[in-house]
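On the provided structure of chain Z, position chain B with the ligand as indicated by the hints.
If you're matching them up, the sequences are chains Z and B in order.
Heads up: the first sequence runs through residues 1 to 385, numbered per our numbering.
Heads up: the second sequence runs through residues 1001 to 1132, numbered per our numbering.
Relax, there's no trap hidden among the hints.
Beta-carbon label-pair distances, calculated as ranges:
id	chain 1	residue 1	chain 2	residue 2	range
1	Z	T117	B	A1113	16 to 22 Å
2	B	E1116	Z	Q268	55 to 61 Å
3	B	K1043	Z	E352	53 to 59 Å
4	Z	R2	B	A1095	54 to 60 Å
5	B	P1072	Z	V254	28 to 34 Å
6	B	A1095	Z	A131	24 to 30 Å
7	Z	E352	B	W1007	53 to 59 Å
8	B	G1025	Z	G118	45 to 51 Å
Which chain Z residues face chain B? A few, computed with CB under 10 Å, are given here:
id	residue
9	L125
10	G146
11	E155
12	I201
Just so you know, these hints were derived from the structure itself, not from any lab.
No experiment lies behind these values; they were computed from the predicted model shown.
Built from N, CA and C at the ideal position, the CB exists for glycine as well.
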Amino acid sequence: MRDVAIIGIGQTKVGEHWEKGLRHLALEALQAAMVDAGVDRVDTLYVGNMLSGELTGQEHLGALVADFAGMRGVEAVKVEAACGSGAAALRLGYIAVAGGMADVVLVVGVEKMTDATGPQNTAALAMAADADYEAAQGLSFVAINGLLMRRYMYEYGYRKEDFAPFTVNAHANAMNNPYAMFRVRVTPGSYTRARMIADPINLMDSSPIGDGAAAVILVPADWARRFPQPPVRIAGSAVGTDAVALHDRRDPLVMEGAALSAYRAYQQAGVGPEEIDLFELHDAFSIMAALSLEAAGFARRGEGVRLALEGKIGIQGRVPVATMGGLKARGHPVGATGVYQVVEVVQQLRGEAGANQVPDARIGMAQNIGGSGATVITHILERME
Amino acid sequence: MSVPRTWRLRQQRYRLVGEVCDRCGVPIFPPRDVCPECEAPAKTPFTFSGRGEVYSYSTVYHPPVGFKQDAPYTVALVRLEEGPLVTAQLTDVEADQVEVGMPVEMVTRRLQAEGEEGVISYGYKFRPLLRR
Ligand SMILES: [Zn+2]
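Chain Z with its partners taken away, still in its complex shape (with noise of 0.2 Å):
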C-alpha cells in the first residue's frame, strides 16, 4: 500500500448559485483545484453528490462531469454515502491511489440545491433516512435530528440555550471565509429566538442547505514534493457504518459508526485524540456536534455539549471545531461537505486558513456523517515535513 498526498485544493462559494448549474459548480472547483496542484491531465475522477437526481433530474455524473471538464474518456463515477457522499468518494480516490490503481486522481463533491424547493429539499434529504419507517412517519431529517436533541437534554439535564456556544463558534469563524455561506455574528440571544424547525431544533441549530462544489487532487506521497504546494498526508481513511434508522440503534445517543470510524482512523495515524490540533466535524446540527466529539473521543458521554460551554471548541481551544465556518455557518451542500471539510484542514496544515489559523496546527481530522450516523468516514491530515 503507497502513502498518499493532496497536493490541490479547490472550492466555489457555498450559497445560491441561481446562474450555476451543478457542471458549472463542479467545474469550477475542480479546475481551482487543478491549477493550485499544477497538474493538467488526472487518472480517474470521484465525483461525490447524493441529490442529484431527485433535485436536478441529472444522474451519471461520473461522465457527465468528465466530459464538461474537458476530460471526455477518463475514468469517472458518482459516489453516493448521503450526507457522507464527499467524504465516501475521498475514500474511494485514496484507495484507488493507496493501492496502485491510479496515480493523480480528482475527487470533487458537488451539490446543486436552489433549483428545488424548501419542501421538495426536506423532503430529499429525508431520503438519508429508512424510507419505509422513518421517512413513511413524516419524519423530517431535522426531526430526527430533534428527537436525538430532545433525549440527549432529557438523560443529561442540558437546557436548550446550552448547545449555543456551537453555533456561535461557527458563525464567528465564517466571518473570516470568503467561500462560507452565512458571514454573520449569531450571539447566545439570537440563538435562542430563532424560529422553530423540529422541536427542539431551531433556525440556528441547523446547516443550511446551499449550492457548491469543492475538490481535491491526490497522488502517491512519493511524488509530493514535485507540486508546487506544501503537501499533506494522508495519515487515517476509515469508515464506519451503523443502523440507518434511529429506532435500530442499541443506543440512539452513542454514534457507534463514528467511533468506529474515528478509531480505525486514529489506528492507522498512530495518534489518538490527544494529538488532533483541529477537528472538522458533521455539524449538520448542533446535536451532531456534540455528538461526534463524544464519539470520536474528545468528550465523555454526555459531555460534547460541556466542552463548547467551556469553551474548548474556539481556534485557541483544546480542539478547535468548524475553524472555517463548518455546515452551520460554511453551508451544508450535502454531498460536496466532505470534500469542503478535507479541503478547510488542509487550509489549515499548510498555514494558509488567515485570522482562523490554528496555531501550529500539524494533524488535523475531518468526519463526515451521513444520515443520523449510519455512514460515518473520517479522515486524518497531517503536514509533511
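What follows is chain B with the ligand alone, placed relative to chain Z:
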C-alpha cells in the same frame, strides 16, 4: 407511497407485526429477517401489543412534501413494552402535553393522502394510553 409498497408493508403498518428470533428470543420491529443480537435467521412473525412509552419526541413545523396538511405534528421514538423502539407520529394529544416516559398505545390512522383523488395511506400512530 405506491400501492404495492403499502400492500407489502400491511402487516407492519396495520398490526405492528414484527419477528422474534428463534435462537435468542429477542422480539424485533421493524422486521429484518436477521437477528440484530445474534445474527441468526429470524423469520417467525411476532405481533406486538402496541403499548409502550415515549422515549423522545419532536414537533415538526416544516414538513416534507406530502405531510403539509397535518403540520405541525409531533413525532416520537416509542419504546414498545416488548423492547424495540419504533418511530411514529403521536396523535390525539397537544404537543405541549407530550413528555418523555408518557405511556402510549398504537392506533391506526391516515399517514398520507396524495391530493383529492390519490391513494390514502394508513398506518400506526400512537396516542396517550387510555386507562380503562
Ligand atoms: Zn437472536
